[in-house]
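> Chain residues, written in single-letter form:
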Amino acid sequence: METLYLLGSADVRAGIRNWSSAARLGRFPVEIALCDVMEKIQIAQAMRDVTCVIHCATGSRQVIIQGTKNMLDVSRRLGVKRFVHLSTAEVYGNANGKIDEKFPYQYTGSAYGDSKIEAEKLCWEYYEKGFPITVIRPSIVYGPFSKDWTVRLAQSLQSGNWRIFKGIGEGVCNLIYISDLVSGILLATRHEDAVGESFNLAGPELISWNQYFQKFNAALGLPELRVINPGRARLKTSIMKPVRSSAKFVLAHFSDPLKKISQKYRFAREVMRSFEKTMRTSPRLDEFSLYSRNAVYLGTKARDILGFRPKFDVESGLKLSVRWLKHLGLIGI
Amino acid sequence: MMSNTLDSATKSVSSGKKQPKIAIIGCGAIAERYYLPALARHPAILKNLILVDRDKARIQKLATQFNVRNYVVDFGEVLEEIDGVIIALPIELHHPISMEFLSRGVHVLCEKPLAESADKAREMVEEAHQSRAILAVNYFQRLIPSFVKVKNLLAEKTLGEPLFLKYCVGEKFDWPTVTGFYFNSNISARGVLRDRGAHVIDHICWWLGGKPNLLSSQNDSFGGSDAVAHIQFMHNKCFGEVKLSWLSSFPCKYIAKCQGGIVEGDVYDYQSVVLTENSGRKRQVKLQSESKSDIGFRMVTNFINVIYKDGKPLVAGSDVLDSIQFIDECYKAATRFDMPWYEFLG
Numbered sequence: 001m002e003t004l005y006l007l008g009s010a011d012v013r014a015g016i017r018n019w020s021s022a023a024r025l026g027r028f029p030v031e032i033a034l035c036d037v038m039e040k041i042q043i044a045q046a047m048r049d050v051t052c053v054i055h056c057a058t059g060s061r062q063v064i065i066q067g068t069k070n071m072l073d074v075s076r077r078l079g080v081k082r083f084v085h086l087s088t089a090e091v092y093g094n095a096n097g098k099i100d101e102k103f104p105y106q107y108t109g110s111a112y113g114d115s116k117i118e119a120e121k122l123c124w125e126y127y128e129k130g131f132p133i134t135v136i137r138p139s140i141v142y143g144p145f146s147k148d149w150t151v152r153l154a155q156s157l158q159s160g161n162w163r164i165f166k167g168i169g170e171g172v173c174n175l176i177y178i179s180d181l182v183s184g185i186l187l188a189t190r191h192e193d194a195v196g197e198s199f200n201l202a203g204p205e206l207i208s209w210n211q212y213f214q215k216f217n218a219a220l221g222l223p224e225l226r227v228i229n230p231g232r233a234r235l236k237t238s239i240m241k242p243v244r245s246s247a248k249f250v251l252a253h254f255s256d257p258l259k260k261i262s263q264k265y266r267f268a269r270e271v272m273r274s275f276e277k278t279m280r281t282s283p284r285l286d287e288f289s290l291y292s293r294n295a296v297y298l299g300t301k302a303r304d305i306l307g308f309r310p311k312f313d314v315e316s317g318l319k320l321s322v323r324w325l326k327h328l329g330l331i332g333i
Numbered sequence: 334m335m336s337n338t339l340d341s342a343t344k345s346v347s348s349g350k351k352q353p354k355i356a357i358i359g360c361g362a363i364a365e366r367y368y369l370p371a372l373a374r375h376p377a378i379l380k381n382l383i384l385v386d387r388d389k390a391r392i393q394k395l396a397t398q399f400n401v402r403n404y405v406v407d408f409g410e411v412l413e414e415i416d417g418v419i420i421a422l423p424i425e426l427h428h429p430i431s432m433e434f435l436s437r438g439v440h441v442l443c444e445k446p447l448a449e450s451a452d453k454a455r456e457m458v459e460e461a462h463q464s465r466a467i468l469a470v471n472y473f474q475r476l477i478p479s480f481v482k483v484k485n486l487l488a489e490k491t492l493g494e495p496l497f498l499k500y501c502v503g504e505k506f507d508w509p510t511v512t513g514f515y516f517n518s519n520i521s522a523r524g525v526l527r528d529r530g531a532h533v534i535d536h537i538c539w540w541l542g543g544k545p546n547l548l549s550s551q552n553d554s555f556g557g558s559d560a561v562a563h564i565q566f567m568h569n570k571c572f573g574e575v576k577l578s579w580l581s582s583f584p585c586k587y588i589a590k591c592q593g594g595i596v597e598g599d600v601y602d603y604q605s606v607v608l609t610e611n612s613g614r615k616r617q618v619k620l621q622s623e624s625k626s627d628i629g630f631r632m633v634t635n636f637i638n639v640i641y642k643d644g645k646p647l648v649a650g651s652d653v654l655d656s657i658q659f660i661d662e663c664y665k666a667a668t669r670f671d672m673p674w675y676e677f678l679g
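Quick mapping for you: the protein sequence lines, in order, are chains A and B. Here the numbering used here is used: the first residue of the first sequence is 1, the next is one more, and so on. Here the numbering used here is used: the first residue of the second sequence is 334, the next is one more, and so on.
It cannot be assumed that every hint is accurate.
Claimed, not checked - Among the chain A residues that face chain B by a calculated CB cut under 7 Å, a handful are:
#: 1; residue: A14
#: 2; residue: R17
#: 3; residue: R27
#: 4; residue: S146
#: 5; residue: F267
#: 6; residue: A268
#: 7; residue: G329
#: 8; residue: L330
#: 9; residue: I331
What the hints assert, rightly or not - As a list, the in silico DMTMM-like pairs of lysine to aspartate or glutamate whose alpha-carbon atoms are at most 20 Å apart:
#: 10; chain 1: A; residue 1: K259; chain 2: B; residue 2: E413
#: 11; chain 1: B; residue 1: K615; chain 2: A; residue 2: E270
#: 12; chain 1: A; residue 1: K147; chain 2: B; residue 2: E504
#: 13; chain 1: A; residue 1: K260; chain 2: B; residue 2: D627
#: 14; chain 1: A; residue 1: K259; chain 2: B; residue 2: D507
#: 15; chain 1: B; residue 1: K586; chain 2: A; residue 2: E315
#: 16; chain 1: B; residue 1: K544; chain 2: B; residue 2: E623
#: 17; chain 1: A; residue 1: K121; chain 2: A; residue 2: D148
#: 18; chain 1: A; residue 1: K326; chain 2: B; residue 2: D627
#: 19; chain 1: A; residue 1: K147; chain 2: B; residue 2: E413
#: 20; chain 1: A; residue 1: K319; chain 2: B; residue 2: E676
#: 21; chain 1: A; residue 1: K311; chain 2: B; residue 2: E676
#: 22; chain 1: A; residue 1: K311; chain 2: A; residue 2: E170
#: 23; chain 1: A; residue 1: K260; chain 2: B; residue 2: D655
#: 24; chain 1: A; residue 1: K259; chain 2: B; residue 2: D655
#: 25; chain 1: A; residue 1: K277; chain 2: B; residue 2: D599
#: 26; chain 1: A; residue 1: K264; chain 2: B; residue 2: E597
#: 27; chain 1: B; residue 1: K351; chain 2: B; residue 2: D416
#: 28; chain 1: B; residue 1: K505; chain 2: A; residue 2: D100
#: 29; chain 1: B; residue 1: K505; chain 2: A; residue 2: E205
#: 30; chain 1: A; residue 1: K260; chain 2: B; residue 2: D507
#: 31; chain 1: B; residue 1: K619; chain 2: A; residue 2: E270
#: 32; chain 1: A; residue 1: K259; chain 2: B; residue 2: E504
#: 33; chain 1: A; residue 1: K326; chain 2: B; residue 2: D671
#: 34; chain 1: A; residue 1: K260; chain 2: B; residue 2: D599
#: 35; chain 1: A; residue 1: K260; chain 2: B; residue 2: E623
#: 36; chain 1: B; residue 1: K354; chain 2: B; residue 2: E433
#: 37; chain 1: A; residue 1: K264; chain 2: B; residue 2: D627
#: 38; chain 1: A; residue 1: K326; chain 2: B; residue 2: E504
#: 39; chain 1: A; residue 1: K259; chain 2: B; residue 2: E623
#: 40; chain 1: A; residue 1: K264; chain 2: B; residue 2: D599
These aren't lab readings, by the way, just hints derived from the structure by calculation. We put the CB at the ideal spot given by N, CA and C, even for glycine.
Starting from the given sequences, assemble the full structure and let the hints guide the process.
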């Protein structure tokens, strides 16, 4: 939305689930409409006179699958001319090797990846009915507003809890900087030959996860990362697993009393903050399988059909990311 | 257990006089979470309370939830009916609707910020003066013990002249606004500085005893509402800065360095401040415990007392004119941050 507005290339209407999530979009004088993807009537109101839809809504399994179906239903009924669906490279599961768009779906049991497969299948059903759909499969998106691979990682590196994971973090980190991803999406909305196709979008550089951690750490100006051996790393994260589950349970069931206690007692507030920070900035066990995955998501098709040329190597992408993190006070305030 | 302040507040409004008739105009999130729970602790007032909102389903929901019998959709119906009104509307409506009531001598408790601009706020104060109505405003943070402590320390020069003041509030915007008025740039392109800044800038003006001189003002607006704002200012010998964000969470803190020591605190720790002497000795000063709902009750109770002609408003409209004027100046002088991540798009 920001890019479309700044480029002035389209009249944009931004759909949001509720107003409490509108602060970022509100900075631009664009039309903002309530568009909960689980509410068909609301979708229809938000989509009046819309010719092209970029569907990026995400959430629970139900939101990803039923929400996509609702969006497809209403868009088709209203005669939308182009529908670009934001999927993920996670639809390829834990497969290794060079992966192009013909690679079969692989279910892994992950709620996100598996739901995205179901959502893509719905897209192809609608395409078969003649609805003009394009599917985008980005890999590891970093840059401004990337929660996992920029904000959380920067804070983890800063916390001192992060390490170079010897023997684990040697997998390929298929990074794409956010502006490159947006360029690819915009190309997909415009190119006639994009209809009925899916595209991997990847950045210009292939590095390992450990290299990414090191480069990010250096861009933040932090002391060199320490190395942890695989056995110790797995043991530490395994120990944390039940702690995480218990914390999740307590938060889900007792958030109000916890809030009251933290408001009342400074000590309790500090303990909770410190605990939450440790949880947030330590690696999770499921991340290790991603860090050791040796998959390269080929972007050849996007290059040949869409003319997609990513501009940002990791160094320039990280430089801008760090500027943005400082700007928002997410690091070094 | 109720605090002494609350005990005396309750006693004051239950002294056998005729109960005033109050209306709440605007039944959004603030009415539901703040005013109605406070009014529910005054059953006699609640009995005569009138809810007003254009959204009938919304008022019916709140009327059922809080056991309020009277509600209307048009505020015109209550203009001649009531003794006092609580204005809990989107900001751009504070001025026009308050003026309607003030001009009829109806006492007003207006949600913060008092008005969109200092000119409008001054008009409201003037109208209240002319018609002998009271204009109170819900800058409830002026009642929070930790902020009151800072005010007293600075006003009494306990720590000497203030030389440096920094105030940071970084919290993701998550207010469950029902109408989305915050983000309608056709109505107003003011964001975090007008919202979170209303309290922060008010504290600064209140603590320093007047409006500071603006040195610089930057925000991230592209024509819509600002979500990040940085301000720098001077007041006498005191240099100050403010950092506000709706987009990120960072420690919400204030610190005032004075000639004779430092006072600092966590914005959400209402019960203590930390004092550091020049010798380096640090100590936490514990203060009276009061929750936000107790403070809301105190604010509403005070308004009821004001209607009884029994006391002055805790925060009067005229008290906040400096901060509104300063916010105006910040918006007028604002330049956009250098944000290179937006330079390579497309």
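> If a hint holds in the structure, say so; if it does not, say that too.
Status of the hints after comparison with the structure:
Among the interface hints, the one on A:A14 is violated; its C-beta lies about 10 Å from the nearest C-beta in chain B, farther than the 7 Å criterion. Taking 7 Å as the C-beta cut-off, the interface hint given for A:R17 is violated, the closest approach to chain B being about 12 Å. Because the smallest distance between the Cβ of A:R27 and any Cβ of chain B comes to about 5 Å, under 7 Å, the interface hint for this residue holds. Annotation: interface hint on A:S146 violated; nearest CB of chain B at approximately 11 Å, more than 7 Å.
Among the interface hints, the one on A:F267 is violated; its C-beta lies about 11 Å from the nearest C-beta in chain B, farther than the 7 Å criterion. Taken as an interface hint, A:A268 does not check out: its beta carbon lies about 12 Å from the nearest beta carbon of chain B, beyond 7 Å. Below 7 Å, beta-carbon pairs count as interface contacts, and A:G329 has one with chain B at about 4 Å; its hint therefore holds. For A:L330, the interface hint holds, since its Cβ comes within 7 Å of a Cβ in chain B; the closest pair sits about 5 Å apart.
A cut of 7 Å between beta carbons decides the hint on A:I331: the least distance to chain B is about 9 Å, and the hint is violated. Restraint check for A:K259 and B:E413: the C-alpha separation of about 43 Å exceeds 20 Å, so the hint is violated. For the hint pairing B:K615 with A:E270, the CA-to-CA distance comes to about 18 Å; that is within 20 Å, so the pair holds. With a CA separation close to 15 Å, the supplied pair A:K147 and B:E504 stays within the 20 Å bound.
Simply put, A:K260 and B:D627 have alpha-carbon atoms about 14 Å apart, close enough for the 20 Å limit, and the pair holds. A distance of roughly 16 Å separates the Cα atoms of A:K259 and B:D507; the hinted pair therefore holds under the 20 Å criterion. Proposed proximity of B:K586 and A:E315 is contradicted: the alpha carbons are some 34 Å apart, above 20 Å. Proximity of B:K544 to B:E623 is assessed by CA-CA distance (about 28 Å); at most 20 Å being required, the pair is judged violated.
Between the alpha carbons of A:K121 and A:D148 the distance comes to roughly 26 Å, so the proposed pair goes past 20 Å and is violated. With a C-alpha separation of about 37 Å, the suggested pairing of A:K326 with B:D627 is violated against the 20 Å cut-off. Our distance criterion of 20 Å between C-alpha atoms is broken by A:K147 and B:E413, whose separation comes to about 53 Å. For a cut-off of 20 Å, the pair hint linking A:K319 to B:E676 stands: about 13 Å separates their Cα positions.
Of the supplied pair hints, the one linking A:K311 and B:E676 holds, its CA atoms being roughly 13 Å apart against a limit of 20 Å. Of the supplied pair hints, the one linking A:K311 and A:E170 is violated, its CA atoms being roughly 25 Å apart against a limit of 20 Å. Pair hint A:K260 plus B:D655 does not hold up; C-alpha atoms about 34 Å apart against a cutoff of 20 Å. Restraint check: the Cα-Cα separation between A:K259 and B:D655 comes to about 34 Å, which exceeds 20 Å; the hinted pair is violated.
Of the pairs offered as hints, the one joining A:K277 and B:D599 holds, with about 18 Å between alpha carbons and a cut-off of 20 Å not exceeded. With a C-alpha separation of about 18 Å, the suggested pair A:K264 and B:E597 falls inside the 20 Å cut-off, and the hint holds. The hinted pair formed by B:K351 and B:D416 meets the criterion: a straight-line CA distance of about 11 Å does not exceed 20 Å. Proximity of B:K505 to A:D100 is assessed by CA-CA distance (about 38 Å); at most 20 Å being required, the pair is judged violated.
For the suggested pair B:K505 and A:E205, the alpha carbons sit about 33 Å apart, so the restraint of at most 20 Å is broken. Between A:K260 and B:D507 the alpha-carbon distance is near 18 Å, which keeps this suggested pair within the 20 Å criterion. Simply put, B:K619 and A:E270 have alpha-carbon atoms about 16 Å apart, close enough for the 20 Å limit, and the pair holds. Pair hint A:K259 plus B:E504 holds up; C-alpha atoms about 16 Å apart against a cutoff of 20 Å.
A C-alpha spacing of about 12 Å is found between A:K326 and B:D671, which places the hinted pair at or below 20 Å, so the restraint holds. For the proposed pair A:K260 and B:D599, the alpha carbon gap of about 16 Å is at most 20 Å, so the pair holds. Of the pairs offered as hints, the one joining A:K260 and B:E623 holds, with about 12 Å between alpha carbons and a cut-off of 20 Å not exceeded. About 17 Å separates the Cα atoms of B:K354 and B:E433, which keeps this hinted pair within 20 Å; it holds.
Under the criterion of a C-alpha separation no larger than 20 Å, the hint pairing A:K264 with B:D627 is consistent with the structure, at around 13 Å. At roughly 15 Å between alpha-carbon atoms, A:K326 and B:E504 fall within 20 Å of each other, so this suggested pair holds. Proximity of A:K259 to B:E623 is assessed by CA-CA distance (about 15 Å); at most 20 Å being required, the pair is judged to hold. Between A:K264 and B:D599 the CA atoms are separated by roughly 13 Å; this keeps the pair inside 20 Å, and the hint holds.
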